[in-house]
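Line by line, the protein sequences are chains V and W. Be aware that the first sequence starts at 4, since it is given in the numbering used here, and climbs by one per residue. Be aware that the second sequence starts at 4, since it is given in the numbering used here, and climbs by one per residue.
If you are wondering where the hints come from, they were derived from the structure by calculation, not from laboratory data. It is possible that part of the hints are untrue.
Taking CB as the label site, the calculated pair distances span [as the list claims (entries may be wrong)]:
(1) V/N101 to W/K16: 23 to 31 Å
(2) W/E85 to V/G57: 39 to 47 Å
(3) V/N56 to W/R18: 42 to 50 Å
(4) V/G19 to W/D87: 37 to 45 Å
(5) W/R60 to V/G82: 37 to 45 Å
(6) V/Y79 to W/N74: 17 to 25 Å
(7) W/L14 to V/E48: 19 to 27 Å
Using N, Cα and C, we set each Cβ at its ideal position, and we do this for glycine too.
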Amino acid sequence: ILNVEQSPQSLHVQEGDSTNFTCSFPSSNFYALHWYRWETAKSPEALFVMTLNGDEKKKGRISATLNTKEGYSYLYIKGSQPEDSATYLCASLLRGSNYQLIWGAGTKLIIKP
Amino acid sequence: ETGVTQSPTHLIKTRGQQVTLRCSSQSGHNTVSWYQQALGQGPQFIFQYYREEENGRGNFPPRFSGLQFPNYSSELNVNALELDDSALYLCASSLAAGTTSYGYTFGSGTRLTVV
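Isolated chain W, as found in the complex (with noise of 0.2 Å):
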């Protein structure tokens, strides 16, 4: 059984530049949400994409964006990083757009430390 996969693990950048997150779904789900994670909060949800579209957005500014691809898997690009964008970024998927009996799946995350 595949589960979520997320790449890369780490990464530092500096402030300003732009970073691109991937991350593989599940296999046979459609839907995939991402969530930023500041160290001793929970996560905040940050969008989420069901067949290719963005179907939901939480409060982050234009400059977070994402893609699905047709085999579902997911990008999170996040231009002119700041420094408060250093977090541990998530990815679920899950079966359905909505909430699911069986919860997300989630991957290991990508830490991003912005210099």
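The following block holds chain V by itself, in its conformation from the complex (with noise of 0.2 Å):
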């Protein structure tokens, strides 16, 4: 069984402060990674893709690296707003898969004024 784990489930950050949390995902036939942000009663919206190791990519303050060959990647914000309260959700790619996305559960981000 190919699973893809996020961690924390949930998170309660202070407005302002720095935050990152992890996904681990199969390493062996890697393709790609994607992240999404899921606001409550929205649509989950495209974030980042990643497909080299050692990439690292950044949207605003959001920004996300990628390893391959361990399997994990990391999403990172940086002075933590309101706004910022979502589920974040990744996804794995593998090569041969059907063009199936292996999510994992995501993780809670709860941003406190």
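Put the two chains together into one complex; each comes in its own frame, and the hints tell you how they fit.
Written out as structure tokens, the structure is:
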């Protein structure tokens, strides 16, 4: 069974603080790693698609790193704001997987004003 | 810019019935994927359609079937509904059948409750 694990399951962070969380995925047959932000009552929104080992991507105050050899990715949020409150999901795409994204259960981030 | 639209937003069905969920893909996208999300879990891949053909399927029984139309909109059909089919069903569109640089564009989902 190929699982994608995310930790922690939930996180409370004070406004203005920085935070990070982890996505672990199968390292063999790796093809791509996706990160999405999902706010309550809205659609999941794509943040990053990462394919290269050592890659780092940035979008405003949010950045992500990728280690395909050991099978993990970190998502960082700098200077958290209330609008960052959401569930952050990662999903792994493996070679030969029939285009099937394997999803983690998400990290629920709550920013306290 | 048009996003992905799913209908209906909520639906209650009785065990044994059949249901059809609909998805309009984002303008310019030719690929649609369907996912099932049960409470507290990540989405589970059901299948993907590329240019009207199913080109990938997850671990779901044959009573889950789909269609993609020439305008790239899509339907998910579930026959003989079971209580465990109660979930949020998400549709996502993309420009290519495989991964893209920009990820998938998701709809808001259809909440299906089977009683």
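Each hint, compared with the structure:
1. V/N101 to W/K16: 23 to 31 Å: holds (28 Å)
2. W/E85 to V/G57: 39 to 47 Å: Holds - the Cβ-Cβ distance for W/E85 and V/G57, about 45 Å, lies within 39 to 47 Å.
3. V/N56 to W/R18: 42 to 50 Å: holds (48 Å)
4. V/G19 to W/D87: 37 to 45 Å: holds (43 Å)
5. W/R60 to V/G82: 37 to 45 Å: Between W/R60 and V/G82, where Cβ atoms are some 43 Å apart, the hint holds.
6. V/Y79 to W/N74: 17 to 25 Å: violated (40 Å)
7. W/L14 to V/E48: 19 to 27 Å: For V/E48 against W/L14, whose Cβ atoms are near 24 Å apart, the range 19 to 27 Å holds.
Of the hints listed earlier, the one the structure fails to meet is number 6.
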